[in-house]
Every structure is written in C-alpha cells, then in structure tokens.
Amino acid sequence: MSQVLPAEGGLRRVIGDGQALLDGEVDLTPEQHLDLYRGLVLLRTYDERSLVYHRQGRVGTYAIFWNHEAMQAGSAFALESRDWIFPSYRESAIGLLRGMPASTVLSWWRGHPAGWWNPEDYNVASICVPIGTHVPHAVGFAWGSRLKREDRVAIAYFGDGATSEGSFHEGATFAGVLKAPVILFCNNNQWAISTPVAAQTAAPTLADKAIGYGMPGVRVDGADVLAVYEATREAVARARTGEGPTFVEAVTYRTAPHATADDPSIYIDEERVEEEKENECVGRYERYLLRMGVLTDLEAEEVKQEALELMRTAIAEAETEAPADVSLVFEHALADPPASFADDLLELRRILGG
Amino acid sequence: MSQVLPAEGGLRRVIGDGQALLDGEVDLTPEQHLDLYRGLVLLRTYDERSLVYHRQGRVGTYAIFWNHEAMQAGSAFALESRDWIFPSYRESAIGLLRGMPASTVLSWWRGHPAGWWNPEDYNVASICVPIGTHVPHAVGFAWGSRLKREDRVAIAYFGDGATSEGSFHEGATFAGVLKAPVILFCNNNQWAISTPVAAQTAAPTLADKAIGYGMPGVRVDGADVLAVYEATREAVARARTGEGPTFVEAVTYRTAPHATADDPSIYIDEERVEEEKENECVGRYERYLLRMGVLTDLEAEEVKQEALELMRTAIAEAETEAPADVSLVFEHALADPPASFADDLLELRRILGG
Amino acid sequence: MADLLLVEAVNDALHVEMERDAAVMVIGEDVGRLGGVFRATAGLQDRFGADRCVDTPLAEAGILGAAVGLCMAGWRPVCEMQYDAFSYPSLDQLINHVGRYRWRTRGKMSFPLVVRMPYGGGVRAPELHDDSPETYYVHTPGVKVAIPSTPADAKGLLAAAIRDPDPVVVLEPKLIYRTARGDVPEGEHVVPLGEARVARVGSDATLVAYGAMVPVAERAADALVGEASCEVLDLRTLKPLDESALLASAAKTGRVVVVQEAPRTCGYGAEVAAVLAEKAIFDLRGPVVRVTGYDVPYPYWQIEDAYMPSVERVADAVRRLLHL
Amino acid sequence: MADLLLVEAVNDALHVEMERDAAVMVIGEDVGRLGGVFRATAGLQDRFGADRCVDTPLAEAGILGAAVGLCMAGWRPVCEMQYDAFSYPSLDQLINHVGRYRWRTRGKMSFPLVVRMPYGGGVRAPELHDDSPETYYVHTPGVKVAIPSTPADAKGLLAAAIRDPDPVVVLEPKLIYRTARGDVPEGEHVVPLGEARVARVGSDATLVAYGAMVPVAERAADALVGEASCEVLDLRTLKPLDESALLASAAKTGRVVVVQEAPRTCGYGAEVAAVLAEKAIFDLRGPVVRVTGYDVPYPYWQIEDAYMPSVERVADAVRRLLHL
Ligand SMILES: Cc1ncc(C[n+]2csc(CCOP(=O)(O)OP(=O)(O)O)c2C)c(N)n1
Ligand SMILES: Cc1ncc(C[n+]2csc(CCOP(=O)(O)OP(=O)(O)O)c2C)c(N)n1
Ligand SMILES: [Mg+2]
Ligand SMILES: [Mg+2]
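Protein chains in written order, with the numbering used here: chain E, 1 to 354; chain A, 1 to 354; chain D, 1 to 324; chain B, 1 to 324.
Because the hints were derived from the structure by calculation, they are not lab data.
Cβ-Cβ distance ranges computed for the label pairs, FRET-style: (1) D:A22 - A:R55: 43 to 49 Å; (2) B:A2 - E:G353: 41 to 47 Å; (3) A:G283 - B:A50: 50 to 56 Å; (4) B:G182 - E:A335: 45 to 51 Å; (5) E:G353 - B:V225: 21 to 27 Å; (6) A:I351 - B:P192: 28 to 34 Å; (7) A:D27 - E:Q3: 53 to 59 Å; (8) B:E19 - E:D269: 28 to 34 Å; (9) E:A335 - A:S340: 37 to 43 Å; (10) A:T320 - E:A335: 56 to 62 Å; (11) B:R39 - E:D269: 17 to 23 Å.
Simulated pairs of lysine-lysine, DSBU-like, Cα-Cα distance not exceeding 35 Å: (12) A:K179 - A:K148; (13) A:K179 - E:K179; (14) D:K252 - B:K252; (15) D:K252 - D:K279; (16) D:K279 - B:K279; (17) B:K108 - A:K179.
Sample of chain B residues at the chain D side, in silico, Cβ under 7 Å: (18) A85; (19) Y88; (20) L91; (21) N96; (22) R100; (23) W103; (24) V138; (25) H139; (26) P263; (27) C266; (28) A270; (29) A273; (30) V288; (31) D295.
The C-beta atom is built at its ideal place from N, Cα and C for all residues, glycine as well.
So that you can see chain E by itself, here it is in the shape it has in the complex (with noise of 0.2 Å):
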C-alpha cells in the first residue's frame, strides 16, 4: 500500500525528513528500492563524473543534471522496458537505467558517432536538442502504438520553459484529443538557462496548463524519487488502461549551470541553490532507505562504488573509440544516397590526403 502525502506548495511527497516531516511509502520491495537506489546512484555518479571530464578536456559542452536524477529514475522506474522514453538533453544518460553503456552518452557528449544509437535497442529516442519538439514525437509514437494495439506507452521529458513552445502545446494537444498513452513529464526546474519560471508563464502552476489539454496535470516534489515514482505509476496505469494521457510537473530548482559553458552567478538565488543542495534527491533518498532498514552504509557505498567503476571503464571505452572516419558525414541520411556522395567523399579523401 501507498502512501502518498500532501507537501508544501501542493507538490505530492513520499519521502520525509526523519523528523518532524513524515515518511510514506510506495508498494515496493527491497529488491525494488536497492534497484532504484542503483539507478538513481548510477545518474548521479555519471553526471558528477561527466563535469569532471569536462574540465579535463574529455567530454565536450555538457548539460549538467545534478538533482534532476530522482525525476528521470524515479519516472523511469514506474515503466516496462517495452515504453519509450523520449529524452531532452538534460536526460542525455537516461538510457543508463535501460542499460546502454555509459560510454555510448559520454561519446555523444563528445561528438563521436558512437554516441548515436538505435533507439529501438533501449526504446530510447534520440536526446532531442531542439526544445519541446519530440513531445509531438511522444505523442505520435504513443498513439501509433496504440492503433497497432501494442502496449507501449511513451514518456516524454522536457523542461519548464519548454512549455512555453508552440510544439509542446500541438503536442499535447493531440494526445488529449487522441488519447494517446503518453506521459508528458515536465522537469520544472524553474528556469530556462537565465529566465525564471515566473517570466516564462502566467499560470499559476505548470500543470494548471493540463486542463487546456483536457488531461490531468498532478504536481510532484521532484528531489522525491519515490514520489515521482508514484505519480508517474498512477499516469503509467491511465495511459495503459486507455484513459489517455496525464500532464506530471515535478518541481525542483536548478542547483548547477545551465550547462558547462553557463555561469549563472550573474542571475541565479545563491542562498536557495545552497538550500536545494541541502536537501538534494540522492541523499534524500539513501537516508529514507537507511532509516527504513532497506539500505545500510556499506552496501550504500558498495553501490557508489561500482558506479564510480562502471565510469572509469566508459571514460576509457569512450576514449579508445577509433577516430570517426571522414565517410561518415555521407552516411545515414538516407537510405539511398545519390551518387554524388560517392563523388564528394573520393574528393574529399583526395584533397585530405594530399
């Protein structure tokens, strides 16, 4: 049994303080929480490493999701592996949870084609760069897959800011006209790089936008994985019932840049950024399952461990990846290509090599 409690600001919230502030709980076993815990650990130990890489020269411009772990494992979690995710950017490692090896992220982050996957090998589309323009994407996929009476829902993750665009808005609202089992996951960090939430819409809340959508919007803590779980399972079960799709805002604040190349000294709150790093999702949780007896520091740190291992192989992976062959920038846009590629390589190869 679940249960789920009212939090500040409305937001839904399972994990406590472990004082004054209660725990709930969600029907899940140890194995299901060790597991989530790992997910939620292995986010965390990739993006901390990836910042790392970063200013060693290794991994290119980054968007940073530190704090935003719970929402992606969390909402992840509560699918089948047969449900697509459709990621943003700043849910480059998403794929993680599905098992694509790290190194096949780092290399995207690094401008290797070996970063560029087969989204039917995870059921994980391509990270989308261009804001709010895969909620269509979502959508479609959801709804076709619906038509071909499959059961595959589809998650699609964006930001705040992202529903201020014209493509979030025809994407939503062809799920609620098509029904379509789609979750429309919205990770309010409450900014867009330098623009606040408060200058990027009048709704009072986020997921007031839903209605216009005709699908129910619900308001999740976002640094509460356990919480996100739960929204996400309950949207999860309307989608495959065919009662269509559910609007989910989970609520957090940026505590990093934008992405490595951002410095929001010039226009973020310090003091609430030192706030949310207080109370940040990861350890958030590991003392939830410390104090429910799930997790003990040893194996806490025995999880951060092999984590830590796993990076250190894909660094290395990442890195040994033969240099991308000239050809490349011919290939994969079409199935068919026209001659004149052919004659642009052996140019191309004439005049480099020469």
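With chain E's structure known, arrange chains A, D and B with the ligands on it following the hints.
Only chains A, D and B with the ligands this time, still in chain E's reference frame:
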C-alpha cells in the same frame, strides 16, 4: 446597471426569448443600442450581399460570417476607436464598424489591390489568413503600446480551431507574462472547416485554456450581442487598468459553409443548423430591442434599407475601380526596392505590350 | 488505363497504396470526413477507417511531429498540408527532425513519411493560397522532393514517395488539379524518384520546368514552332535531381531556360543554373535564363498572371537566347 | 577606433543604436539579465532598462510575431534567436508575415525589425548548434539578409539593419565571434546594405564568400600565392546582392569559386552561380565551382571539419579551375 444571466452550459447571456427565458440588461443608452444594432445589420447585410455577389461571379472565394455578427459587433462595441482590432478572414468586414468603406472589403475578396488598407487609418490590422498567427501580433502591439504609455487595447479574433496552433499558444503565453492589454477573442463556432471542436481539443471548454496562460477565461453566448458586449467590456476594463489579458470564448454554431467553396452537407448536423438559424443573432437582438421599446419595426426596416443601399454603392464602387496595373506586382514589398525590380517591370511591360 | 484528372490520380494513388500496405495512413486537417478541401483524400476514411485516415487538430507542426513518432511506431504516414503557405509552421519539424532522424539513429531507423500538399499560384485565391515553397524543402538535407505535372506522374511519384524509405515532400500543382487530365495506369503504378521526363524533344533550346510550369513550357514550345525547336524537360523530382538528363539536354541544345513560379532568388532555377554553370559550361552557347516569379510577396489575384511565368515570357526568353 | 572582437562589435552596435534611437529595443531568450548566451547583448538591460531589453518566454514564433506587433506600435525590435537551428520555429512568421506586412498595408506601414542570430558550424557543439540557414531567409521576399565577416562590418551592418525601414536578418558567424578581432569605428558606424567588399585584390580567380568563409577564402588565397592571384569578394549582404561588384570581379578574373558552409543544393552559392550563368557567361573562362557543405545533416563534431569548406578544398577548386 447591467444584468448578465447565466445560460445553458454556463454561458453568459443577456437576451431572453421573450417568453420563459427572461431578458437581462446592459448599461447602454437607447442611442447606443441603436448604434450597436446598426453595426449588426451592416455586417449581416455585407455578408448576405457578398454571398449573392459571389454567386454572380462578382467576388471570389468568400468566408461567410452569417450568425457571427453578434460576436464581432458586440465585442467591437466595447472598444474605443483608438483600440486596435486584429481580424482573421472571418472578421473580414469588421472594419465597417470603424468607417472602412465596404468597397474596400469587397475589393479584398475581389483580389484587387484597393482591398488592402492602411491599418492606421482605422486601427484595424490586415486580415490574417494563416490561422492563429496574428495572435502574437495583437499581443506585441498591446505590449508595445503599454511600453509607450499609450492607452490602447488590442483585440485578436480567431476561431476554435486556431486554439490548437502553436502561434496561438505562444501569443497567449506572451500576453500573460507581459500583462499585455489584449483580448483574445475566440469565435467558437464549433467547426474548423469539417473538424468539430471535439476533434480539435480534449479541453472541457476552450475557456479552460486560459488558466494555462494565467489569464481569466469567460464563456459567453456568441449569438447574444449584449452578453458579448458585456464580457468584452469587462475584459477591456481589465486591460486598461493594467490587469492584463482576458480570453473570451463566444460560443455559437456555424450555420453556413466554411466558405463559398465548402459543402458542409458531408459533415455537419443539418438539424442543429436549422435550430441555430431560428435563433440567429440579428433577429434575437432585434426582438429584444422591440420588446424594450428601443426600436420600432419601421426603424428596423430603415436600418436594413440603409445597409442595403450602402452595399449597392459599395459593389458599384468596387467594380469601377480601375484595373490594377502590373507595376503593383513590384510595389510596396520594400521601402527601397532593388534596381532589378524596375528592370523586371520594364521587361514585363515589353512582353505584355507585344 | 483510366482517364483521370490530376487530383483524381492523387486520390487513386492513396487508395492503391493504402490497400497494398496496411502501414500506410493519411493524416491532416479535414482529410477524413470531408476528404480534403480539394477532395484528394475523398473516400479513404470510408474505405480504410477513421484510424487510417485521420482528421487532426489544426496544428501543422503537430501533424508532422506526430508523423515522426508514427514512423517510430511502424507506420508510414502521409501528411497533408492543406495549402503551401500553411506548411510553414511545420518547417521546424522538417528541418530539425524529419531530415535528420535517420542519421541520428545511424541509419538504423527509417522515417518513411510523406508530406504532400497542393501548391502554387494562378487560382484566384485569397492571400497565402499561392506559394511555391520548393526551395525550403529542397535545401533541407535528408528529404526528397517530387513535383508531378501529369496525372500519371501524380500517381506514380506519390506511390514512389510512399514506398520510399526516406521522407519525401510531394508538391501537387493545384492550378492543374482539375485541368490536367490524362491516362493513368490502373492499380499499382510507380514512377521512380530521380528520373526526369523529356516531355518534348527538341534541338535548339531546353526548357526546364516542373509542376504547373510544364504545360506553360510546352505551350511556349508550341508558340515557337518554326522559330526554334524546343526540348521540354519535366524534372519530376527536384531532389535528387536527374543530373544526367539535364546535362544531356543542355549538351544537345546548348541553350537553357529554367522556369519556376517561386520567387527568383535562391529558387530551384538557381540550382539548375548552378549545376549547368559547374558541369556544362563548355556546352552552353549562351546564358542560362531564369523565367521565374519575382522577389515579392505573391500579388493580389487580379494581377497574379503578371507574376506567374507566362507562355509569352518563356517564349521571349528563348528568342532572346537564340538571337544572342 | 577600438580594437574589438566580432561579438563585442555586435554589442557595441546595439549600445550605440539604442542610445541613438529610443524606439530600438532588444527581445529574445536570455538577452536581458544574462546578456545572451554569447554575451552579445551584455549590459543592455542595465543601461536601457528591462523594458527595452526583454527576456522573453522560450518561444521563437512568439518572439518574431510579437515583434511584428511591436513594429505596429512604433518600436524597432531587434530579435535575437539563440542559435541558427532554433530560429526555424519562427520561419512561419517570417515568411507569412514579416516579409509581407508592408506590402499588405500597400507600403503605408513599416516593419523595421531585425532578426539577428549566431550561425554556422565549426564550434564543437552538440547537434543543431551549427546550421547555416541563409537560404531560408534569402529566398523569402520582403526581407534583407546580411552576414558580416569582420568586427567593423558586424557593427556597421547591424546598425544599417536597425536603421533600415524593412526587416533585415543578420547572421553572425559564431565561429569567429571571438577570433575575428579588428579596428571598429567608435560611435555611430553604418555599413550600407547591398555593398560587397573586395577583401583582397587579385586577377586570376575570384573567391566569393561571406561570414566565416571569408577568412577561409583569404587563407586559401594566401596558400595560392605564387600559383594564382586570387581576388576575395566578401559579399556582406546576400540580399540585395551587390551584383555589379560580383560581375566586375568575374569579368576581371573569368574564374569564380563560391564558398558556403550551408548544404549545397539551393544554397546561396547556387544563386551566385545562377547570376553568373545569366549575366557573365561570356566572361567565364571555366565553370563556376561551388565549395560548400554537403547535402547531409550537419555531422558529429569530431568530424565536422570534414564537412566545412576548408582552405584545402577552396585552394583545390582554384587549382582545378586554373588547369582546365
Ligand atoms: C527551440 C529552441 N530554442 C532555444 C534553445 C536554446 N536553449 C537550450 S536549453 C534552453 C532552456 C531550456 O529550459 P527548460 O525547458 O526549462 O529546460 P532545462 O534546460 O531547464 O532542463 C534554451 C533556451 C533550444 N535548444 N531550442
Ligand atoms: C496555418 C493554417 N493552416 C490551415 C489553414 C486552412 N484553413 C483555413 S480556415 C481553417 C479552419 C479554421 O477554423 P477555426 O479556427 O475554427 O475558424 P473558423 O473558420 O471556424 O472561423 C483552416 C484549416 C490556414 N488558413 N492556416
Ligand atoms: Mg528548466
Ligand atoms: Mg471555427
């Protein structure tokens, strides 16, 4: 003192049916009522004559607005002449309420350059053909006026279908955030060509979309010119006092084809059409005014004859416009056209002349 | 063989292809119950059901974006854009996703979608029902572009587009939807993408055209009989261009006039001229002349004929070329 | 004179023009508090207030659509699109409204807006931060397009764009934002639209380029010293094209190589080649060679240098031309 009554489906209503359904009232003098009535009849006459002219081959494709007159005249009546109107093709003749010659609008539908006006002459923007794309224009105008401390409100007219477009969404989002003094006036005639509003959105009502933009949404009986007036008046008052935008959903039912080229018999509910025709907006207001003793049958007849006369003159004027010269192909695109345009024109004249 | 109008041939292609392949579906504004504002999709919903011929919300980026997802779910969506100028809200999806998604999957996933729309001017319509947007499509990597000028090609190119593993944009010349009439093979009929058609053989000059400009070029060739023998090359596919057909004709005649309705600058005629300037320069006996729409907003319809390339303008260009 | 980086020159132009004309305002994503992701608008909000340098919602069609309305209210909005490929959602507003609205008012109202954005590749960025979208803009009637290649021109062309009564799109080569450095006149500085710049005088071949390809052409010219004397023509404005400068140089050298980062088909190089094929055919001693990006999605950044026109490719094209 106004008395606005709730109507079926929560629509605001003022005009009764002279029987069980009681009349409300709005704060207008008899002269104002007559003015409003004249506007209504003018639009009706424009529309009915246009259809005839179309059948006679004197105007081209034409978007009929029969039974939409109350929405247009009622809302425009709540504006000052300094306020700007941003019409869609459905409001092509709304400039008539601002003193625009009917021949201008007829010329537009005749594809003659005389149909293109200077918006500043009437504070009526150009007719917008691509759905929903003028919503950001109205918002930008309203915002820009406020920044210049000019007391000008803008109103954008669009249909139920338009609310699905990204440009509507982005415009509305801007309006909310910028607290632009704008009225987003939705003519919900329940059809976008052959697509019923139920296939357009899963939102319970279109007005429910308003909260997603942080603005109030009101629903009003679109065939009740006084209810439309009253709702718009309130919205205008909010706009003027800096409270920002309002979404007005005026509900009616399209009783005519989408445009002259359309055959709705394939898709529409003919019975419902007949019902709506019974209760069409001009007759409804006329009977109200007769009941109130503000109008006599004779006066009504006079108003109609005047409008007919105006249309007779207008079509004659439009038809005696000198044929457009081909030089107009090259004019007005740029303030400072490139030399090549003159060469192109010269060549064209040579060829056409020969 | 059936004697069909161009728009009927489009409708026929959709029927045949949907019958042949249960993965083909049609989506767009008013394509279902109404059968499209030009009736191009008439009968499909009755025949194949409302799940395979779908009236969508009024949202072009939504239509094309959903089509990307439909491809990922195994469908082959044929998207109708109601008119040329109303396809622009979908350009973002086209450029940033449709043309790149196969590449993004390193060739592992296909996006066999079609975008089809009535395009072009001359139809006495209100503003923005007249655009020739082919440049926006042709310039975009990862998508192919076809434009038929005859009923048989309208059927055959659309069928090829539907069967193609890659995204194809098919622009249908609405001006001749109901004036171009001709024999159309019954049942399955495919015109391979990338093959131009010599619409008329000639030796003095080549008129390169596509869509509604093909009949204009043909009539210009008629008008020039006695003065010049004109070859008319109907490109049929703009991307990939049938370069060998173009170069062969240019080599033969040495004089080329390209006709296009779209505004001149960076129009498709520029591409044709550039290919010739790069690969046929020593064959050319004179300039490559472009007869095009002008670099202005498409005009008021009472004077639209002055904007559209006319038989007279094309013939004049040929005469100028001959007398150089 | 001040010694500035190209992006600093942009910033300088905005300061000077906003100071000069109180109707100029800047709108876009992150342009205010942050000063833009490239710092091109840094300092403007502090100097001119949050009403004249506005952080908008994340919605490009909204930005450009609102700008149309702002013009109607008497403003001269300068819209920043954060990156090239993120400008595509605004193409609909650009094509259907920005380029047509003056015409629609029969020339009575002006739409003096500017769209500026960092564009182009070579910057080792994630996908879709590398596009060269000039064709989409150049082909659209009613808008002008400028692309600077030096700090002085970045300031002067932007100033001209802001003062122009018509809409102007200014594409700023982000690759050289912080590598192109040079003297920039202080205070008001205007480089008229429509005038090309001979970046280097030569006699054997003309290299036509713009934006970040100008330094590439210049380095190719350097590499060819002794083999060929190359003229480098920096177009600066793509629309309107400075045709007389182009034709004069082609007449002089008889050999033209056009360089463009964008995909080849219907790229701006095609327009240059078409103008030459039409108006300079008898001056040309050989083919017009296009050195361009390829007709593929912009590649993974580890191999992007193979996609971008390089000094070697440009030099090779000149050598081929000379030995024909
Ligand atoms: C269409 C588009 N416009 C602009 C950008 C540039 N950009 C990248 S991230 C970003 C902010 C996104 O904010 P939000 O949606 O809240 O997501 P978050 O980054 O906070 O996860 C912007 C403007 C883009 N990628 N795509
Ligand atoms: C962007 C765009 N897409 C498609 C069209 C074609 N079209 C013209 S009217 C119309 C239906 C509009 O319905 P609605 O918004 O309800 O307005 P109404 O016509 O009912 O007043 C459509 C699809 C268009 N004009 N613009
Ligand atoms: Mg955010
Ligand atoms: Mg409607």
